[in-house]
Structure formats: C-alpha cells, structure tokens
Amino acid sequence: MKIKRITLFNIGPYIDLNTFDITIAKDKNIVLIGGKNGAGKTTFFKAIKTCLYGSRVWGFDAPGKEYFAIVNGLVNTKTLYDNTAKAYIEIELVFDDGKQINHYVLHREWKKIKQTFSEYFNVRKNGDLIIGQEEDDFINYLLSVIPPDMFNFYFFDGESIAEFFLGSDGNKNFRNAFLKLYGLDTLSIMVENFARNIKKTDVKNSTYDSFLEARATCEREEVKYNLLQDEIRELENKIDLCQIQMRSLQADYTKNGGIGLADWKELNAQILKEENKIAIALSLRNSDHLTEEDFESDGDGLELNRQTITGEYDDIFKALIISHSGEKLDDNLYFPKYLKAHIDRGTKFLYAEYKYSNGNFYKHLLELDKGI
Amino acid sequence: MKYLFSLYQGVDLGEEQSVVGQIDKDKIPVTGNSRFGCWCCTIVKEDKSLQRFIDGGATELIPLREFRNWLVSIRQNPEFRDSKRRNGKVYQKANGEYGFGPFKMSARQEILKRLLRLQKDTGFTLITNEELKMIDTLWDLEGDLSRRKLVDLYYDVFGKRLVWDEYKEPLYDAEIIRTLQVAAEDSEIPFELITKLIVMINSNKYVAKSSKLKKEFDRLLSEEWIHYDAVKEGLKDED
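Chains Z and Y supply the protein sequences, listed in that same order. Going by the numbering used here, 366 is the number at position 366 of the first sequence; the sequence numbering is gapless. Each number in the numbering used here comes from the position in the second sequence (counting from 1) with 1000 added on.
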C-alpha cells in the first residue's frame, strides 16, 4: 500500500483546499515532512491517522463525544463558527498485490451544526463509490495491511515517537505492535475464543453429558444383567438335572429295598409299640410282684397312649396284670400306674436280654422268640 | 461446417448421443455419437473423440489424454479426496465408506503441478494466469498458511516467478507452523481446524463488529466433520 495524495480541507492551519502529492519512486521510499514550530506537522500526521481509521485510532468503537472533542481540535477554527463550512481529509491509496493495481480514495468529512459534529465517510475504488459489505471488507483489509498499532511504525511524529517506545505504555505498545506485525495476535484471539466457547458449551452440554454418562452406565449394567441372567439359566438347568438324578436315584433306592423317612418313622413307632408289649410280657413272665422300686418312675405315665400300647389286646393285658398282682385292681390303677411299672421293669429285662445277645440284634430277636 | 462435422467422423465414437447424429444422420455423412467437450472432462470413462484425433495423427494430444486418464483414475480414490464436504458436512454410505468431498489440498497441488508441466511440455495454454490468481486466493482461504504453495509450485515447474510472487508473504514462519502442527497433534486436535480458525480470525479480526468473529468461530467448531463420531454415538439408538 502506498499513499499517493493527501488532501486537507479546513484542517488546522490548512485553510481551504491543500493537496500534497507524495508519490514516491521505487528506490526513494521514505517521505520526510519538516516545518517550523506551529506550521502544522503534527496536525498533518494526525489528519492522516484520523482519515484512515476514524474514531478507532483514538480508542473509540464509534464516533462519540470524546472523539468529536479531538476532531474539534483538528479542524480549522473557521469551521467551528460557520455553519456552512465543512472540513475534510482525503487520502488516495494505491494497492498493488501483483495481481492487480487498485486506487482507493478515502474521504472523511465533518460539519458542525448547532454545536454538534456529524461525520461522513466514503471510499471510492478506481473512481466508483463502494458501499455496504464491500466498504466493510475494504476497511477490514486496510486494518489488516496497516493495523493502527503498526501505523506508529510507518508514520511517526518525531516529537512523540520517543513517548511511544519509552513512555509508560512503551512496553505494551511495543508488545502489541510486535504481536500484530507477526500475526501472533490471531493466536491470542483464538485462545480467548476457545475459552469463551468452552465456558458457553460447558453450561449447555452438562445435561447432555450427564445423559451420555447415564446411558453408558445403563449399557454397562445391562451387560451385567444379561450375564447374570445367563448364570441363572445355567444354574436352573443344573437344578433340573439334579432333580432328575435325584428321582432316578430314589427309584433305584426303592427298587433295591430302601425305604423312605416316613416309612422308617412309622416302622420305628411300630417297633416301639411291639417293644412295649414285649417288655410287658417279660415283666409278667417274672412271677415276682412289683416292688416299691418298680413304681418309682420319672413320670406319672400320663404320657402313655393306651390305644397305642395295648390296643385291641387291652382286656387280655388287663386280666394278666390283675392276675399277676394277685389283687383286685380297678381300671385307674391298671392304667397307667401298673402298666407303666411293668413296661419299665420289662424294659430292664429286655435290655439285659439284648446285652446277653452281645448286641447282636438278630440273635436277640431269636432268643426272645424262643423265650416268650 | 464441413470441417466441424469431419471432426466427429468415425465409427461408434462415444457414449453420449450427438444431436447432429440423431437428427440428420440420413442427410449428413456424419456418424458416431461422440461427446466433444472440455478435454479434461472426467464424466466419460474414455474420451473417444480425443482418441479419434490421436488416431487421426494428432500425436501431440497423447500427453493430454494421459493426463485426463490419470484424472479419471484418481477421481474415486479416497487418498486424493477429502472425506467431508467444503461446508464440513460428512456423509457415510450404506457400506460404511465416506462420501467424497473436494480434492485434498495435497491432491490439488499434485494436479496443478502435473497440469503446469503438461503446459510446459506441450506449449498449449492449458491454464491462464487469471485462473492461477483465483486458485491462489482460494488456497489462501482454504488454509495454506505458507501462502506460497502455488507460486512456489509455479516456480518449480517454469523456473520463473509469477508476477505476484513477491507479494506472497507466509502468514507465519515455517517453524511457527510446525510448532502449531505438533501442538495440535499432541492435543489430538485436527490441524486443519486450527488452520481454518487462523484464516477466519485473520480475515475478521479488524472488523469492528466482534460478534461476526465469534459467530464464525463457533460455527467452525461445530462443523459436522469434527463431531461426526460423537453425533453418530448420540444418534445410536434414535433410529
């Protein structure tokens, strides 16, 4: 980008139209501007800056009160009191990117009507006014070619250049200019925007994230559930198999003469009944009368079931016990007192008999059979 | 006119119907249904009319046919084609393959290199400087951070610089680009996304309305190709 022409109209000491042609040769590309104190060097410099960037270069997003205060200091005093007067700055720029050469004319104009400034700005490209998006694009392009921070490297006021580098903001100015010069501010902008985006999406996505998390948990648990279901089925099959085996073993057991618990209990009860009868028989076979000792018992005999012990033979047992006692016993004495005494005594005899058979149950039964 | 028709003469020339052949086949001694368009068109498998010229003695066209046939051969090759569209959309075919987007940057460079060589070897003007300017602008916008791929390629082939060569400054030094690339790979961020963001920020950072940059930034971050796997995951049971 090269500046070809600068026109000042009612700016500072430059009354009415003042045009400066600063076309340069390829081998002479530095322009020095000199003049006496108060001649308008600084104004000239400020005018270029303001024309190019408007309020932005003074640190304002849009033209406002503070910006117009600066404009107020920039324009010629005549403009301030003459409502019909205007002030403007016009710069002609030449862009040559090798692909094509374009001429741009930037025109920035101010009017002060009733103490209020208005700003007008337009850009002509190769003679034609550009408007809307195209103008925005051009401004954007201009800002990328010479960012305002960089401007101070290319156009500087000998009186204030020291302030730019060595003043209180010197380091900051230099750093910003350096970052912009190498395009590194792009990376800072990227970092800022990543932070902003993450902050924004964090809030937005937390519900969705917890949904995803919950769904993942669901999926995991479902897998576990299915595994457990498989295990259950396997175990159920084992149970079925065991039951079949058990039934077949039971059948074999019964077939080979085995008896069940219920049968065994019943038979045991039967044996007890028969043993009681045998015990009574053994006691009756001994003609000795029952002694006092025989009646000493740990119970009163009320636990005995007359039907179970004597059953259908009750009358015979009663007759034999009365006959053995040699006394007249009424029914209350016969049962349970005498019957129980005979069972207790007979049991002792039976136990003695059992011991006599050396614990051989079969032999014991044979002996009993012979004896009774 | 006679010359024009003579160009089409031949037996069974092509796959597409020629209007002339259909309407006037009795009156005009022209046969064949040949297609006769852009020399590098890859719509037909074999350019029979080009073949016909070569058969007719135009041997200088042989390298052109070879270039065209090479183009046909890489057209359906996933190595040369992007798996996403220019707008970041991704689509997957029923067989799981990704649908093709534009040619990859590397493929485009290869194609241009071969085309420029062909131009140099044959002497035909196959591509104009105006077209090269357009391509150069497009490559800058599509993430060539060096901004010099096209001009350097031209120099490699022709040994002389394009007019605008000296104005093409790299956006960043090769070292910075490499550092960025390594950092992106370490963080498992596609470098392509970073280059897209850089190009976008550069063209928007001086816009007074900062909302445009933010909007563009968020749009690039939410392009489908970046989230395709996550989107597929999200849609898994919503068929």
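Incorrect hints may have been included.
To give an idea of the chain Y side of the interface with chain Z (calculated C-beta under 10 Å), a few residues [to be verified]:
no., residue
1, Leu1071
2, Val1072
3, Tyr1167
4, Leu1171
Quick list of the computed label-pair ranges, beta carbon to beta carbon [as the list claims (entries may be wrong)]:
no., chain 1, residue 1, chain 2, residue 2, range
5, Z, Ile198, Y, Ile1043, 39 to 49 Å
6, Z, Phe165, Y, Phe1191, 33 to 43 Å
7, Z, Lys114, Y, Pro1190, 56 to 66 Å
In the DSBU-like style, the derived pairs of lysine-lysine whose C-alpha atoms are separated by at most 35 Å in a straight line are [said to hold, decoys possible]:
no., chain 1, residue 1, chain 2, residue 2
8, Z, Lys125, Y, Lys1215
9, Y, Lys1215, Z, Lys26
10, Z, Lys86, Y, Lys1089
11, Y, Lys1120, Z, Lys99
12, Z, Lys4, Z, Lys99
13, Z, Lys4, Y, Lys1232
14, Y, Lys1120, Z, Lys172
15, Y, Lys1168, Y, Lys1120
16, Y, Lys1089, Z, Lys2
17, Z, Lys200, Y, Lys1205
18, Z, Lys199, Y, Lys1089
Simulated from the structure, these hints should not be mistaken for lab results. Think of the CB as a built atom: it goes at the ideal place given N, C-alpha and C, for glycine as much as any other residue.
Against the structure, the hints come out as follows:
no.	hint	verdict
1	Leu1071	violated, 27 Å
2	Val1072	violated, 32 Å
3	Tyr1167	holds, 4 Å
4	Leu1171	holds, 6 Å
5	Ile198/Z - Ile1043/Y: 39 to 49 Å	holds, 46 Å
6	Phe165/Z - Phe1191/Y: 33 to 43 Å	holds, 37 Å
7	Lys114/Z - Pro1190/Y: 56 to 66 Å	holds, 59 Å
8	Lys125/Z - Lys1215/Y	holds, 29 Å
9	Lys1215/Y - Lys26/Z	violated, 42 Å
10	Lys86/Z - Lys1089/Y	violated, 54 Å
11	Lys1120/Y - Lys99/Z	holds, 22 Å
12	Lys4/Z - Lys99/Z	holds, 19 Å
13	Lys4/Z - Lys1232/Y	violated, 58 Å
14	Lys1120/Y - Lys172/Z	violated, 52 Å
15	Lys1168/Y - Lys1120/Y	holds, 23 Å
16	Lys1089/Y - Lys2/Z	violated, 42 Å
17	Lys200/Z - Lys1205/Y	holds, 21 Å
18	Lys199/Z - Lys1089/Y	holds, 25 Å
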